[in-house]
Amino acid sequence: VAATVVGVFLVAGCLWIFVTDLLLYALVEDQAIIARIETAKGGAFVMLAALLLYVVTSRSAARLAHAYATISAVLDSIGDGVLLLGRDRSISYANPAAVRMLRARSPSDLVGVGAPEFSRRYRVSYPDGHIVPPDRYVSQRVFDTGGVLNYKAILHPPGAPEVVISSTGAAVRSPDDASVASVVSVMHDITSTENLDRLRDGLFAATAHAVKTPVAVIKSATQVLAAGGSDPRRSIVTIERQCARIERLVENMLVLSRFRSSTLQLYPVLLALAPIVEAAVGEAARLAPDRDIRVEIDAGPRVYADGERLTMVLRNVMHGAIRSSCAQAPVTARLVSTRDEARIGVRYRPRLPLDHRENGVPGAVTDYDDVAVGQYVTSLIVQAHGGTLSEQSDDGHVTVWVHLPVAPENAT
Amino acid sequence: MTDGHPDVLVVEDDPDLLEIVQLMLRLSGYPVRGAANGKEALQAIEQRKPAVVLLDMLMPVMDGWECARELRARYGDTVPIVVVTAAEHARARASEIGDVADVLAKPFEMDDLIRVVERYAVKSDVSSRPD
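Which chain is which? The protein sequence lines are A and B, in order. The first sequence maps to residues 77 to 488 in my numbering. The second sequence maps to residues -10 to 120 in my numbering.
Be careful, since some hints might not be right.
[What the hints assert, rightly or not] In silico lysine to any residue, SDA-like type, Cα no more than 20 Å apart, as pairs: (1) B:Lys28 <-> A:Arg399; (2) A:Lys288 <-> B:Leu7; (3) A:Lys288 <-> B:Lys38; (4) A:Lys288 <-> B:Lys28; (5) A:Lys295 <-> B:Asp101; (6) A:Lys295 <-> B:Ser17; (7) A:Lys295 <-> B:Phe97; (8) A:Lys288 <-> B:Val111; (9) A:Lys295 <-> B:Ala76; (10) A:Lys288 <-> A:Thr244; (11) A:Lys288 <-> B:Ser17; (12) A:Lys288 <-> B:Glu98; (13) A:Lys295 <-> B:Gln11; (14) B:Lys28 <-> A:Met329; (15) A:Lys288 <-> B:Val92; (16) A:Lys295 <-> B:Lys112; (17) A:Lys295 <-> B:Glu98; (18) B:Lys112 <-> A:Ala303; (19) A:Lys117 <-> A:Ala102; (20) A:Lys295 <-> B:Ile103; (21) A:Lys288 <-> B:Lys112; (22) B:Lys28 <-> A:Leu98; (23) A:Lys117 <-> A:His142; (24) A:Lys295 <-> B:Arg15.
Simulated from the structure, these hints should not be mistaken for laboratory data.
Here chain A stands alone, though its shape is the one from the complex:
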């Protein structure tokens, strides 16, 4: 652009001088008048040049202002934190996302901050927990290497949760001496992605851990059986109970992973609840022959439900009740119904004080325990059927209620 402007100016200037001189000397003979006209011509040339300079400069300035406004709008609106570092390697600009990400009050809190101060404020660490030395930040290294550098790091803003970032540093070279004049550092927040990965890893760990106890029981029961040290029927039931426990855990984990990936499909059909409840109670009683397990069917409601998933719900609730209850006290499953709602309740006497019960919060899969996973999956399946889970405590007993909407009487 600059060469074009200069070229046009040179050609136009030369043409102006040549053509006007030609005309002047052809039309005027008086030397005094020629001198005056040449002075006026020179003045006119300067004025035209100034006008041209004004037009070119103002158009360039307008374009520059537009480009600046566009870049500012982009920087203000993007979710990634952007820092600009000057020759002194300290922050000279921070966009609003960077201010939020770094828990600063305003951009001025960050302007002038160098790597050592940044390290003190945010304890930047690698994902393995080791602190990143300030001179190893990509925004610092790129001053020496040029080009673009990237790494994953964790920021620890004071009084706020840690932020996992993918940080990129890009060098901007000076047009004069090609040295790195500034660095643009972009911080992409990947905390939620990382948390999802951690959660998935945690679930794998929970499954692996939860499987170990039933496997230990099966292994030990088999060894005792082989040593002839126990009633074979009792050992077989114990082994069967642990196999059912592993099967239930695997099913629950499968459903959980499908819920997380939004790929779980339900196949609801019109179902009579009583046979499903009776079957779940029968299975629980067979696997725990020492326990007093009862069923009370007070109604025969029908619901739209996925029979397979509903059976999982009842197995989980029965298992949770048996695991959490006193061995001497009965576990009672009850089916009741109103016009709009079917309710399946499982009542038991907890073996632990109420404030010490395991996994009291359905939904928090934090314990390495198959009951916790089962409770969480149960709540998800019930909600997916338009129902709810509730818990009632009275007289030292706990009743877990599964509420499901009843199908209309004329439903087919």
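Dock chain B against the given chain A, drawing on the hints supplied.
For chain B alone, coordinates are given in the frame of chain A:
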């Protein structure tokens, strides 16, 4: 009965595993008691000091770490603790509670269980085999 010998205290919240470990030890002739969590274990130890405690780590009410700390505070090193855990890196995790006698990783072999217990406990004269 213990025939005067201190018994083995098994602390495990899973009722099936608690039952089967007690059965294994009885079969091998060791007097044994069970507790479902750390709190019950401390109560049982208060009544009678065992020869060794087989301690699960993840339990409700009072977990293995808290129970071990309490045990150390009350009885010092006089009650050997064998950590029984399904946690990864069982030995490293067990070392978090200080000086433990041994570590058994779940699932374990009956022979390993007996080998650990026989270092600390003495068999009853009369084997109390279950019915």
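Pair hint A:Lys295 and B:Gln11, alpha-carbon separation not exceeding 20 Å: holds (14 Å)
Distance restraint between A:Lys288 and B:Lys28, which requires alpha-carbon spacing of 20 Å or less: violated (24 Å)
Given hint B:Leu7 paired with A:Lys288 - CA-CA distance at most 20 Å: holds (14 Å)
Distance restraint between B:Lys28 and A:Leu98, which requires alpha-carbon spacing of 20 Å or less: Roughly 115 Å between the alpha carbons, so the hint for B:Lys28 and A:Leu98 is violated.
Given hint B:Lys112 paired with A:Lys288 - CA-CA distance at most 20 Å: The hint is violated at about 29 Å.
Straight-line alpha-carbon gap A:Lys288 to B:Glu98, limit 20 Å: Satisfied, since the Cα-Cα distance of roughly 13 Å is no more than 20 Å.
Straight-line alpha-carbon gap A:Lys288 to B:Val92, limit 20 Å: Measuring from Cα to Cα gives roughly 16 Å; hence the hint holds.
Restraint check for A:Lys295 with B:Phe97, where alpha carbons must lie at most 20 Å apart: Since the Cα atoms of A:Lys295 and B:Phe97 sit roughly 8 Å apart, the hinted pair holds (cutoff 20 Å).
Given pair status - A:Met329, B:Lys28, alpha carbons within 20 Å: Outside the cut-off at roughly 32 Å; violated.
Restraint check for A:Lys295 with B:Arg15, where alpha carbons must lie at most 20 Å apart: Holds, at about 17 Å.
Given pair status - A:His142, A:Lys117, alpha carbons within 20 Å: violated (37 Å)
Pair hint B:Lys28 and A:Arg399, alpha-carbon separation not exceeding 20 Å: holds (18 Å)
In this structure, the earlier hints numbered 3, 4, 8, 10, 11, 14, 16, 21, 22, 23 are contradicted, and the remaining ones agree with it.
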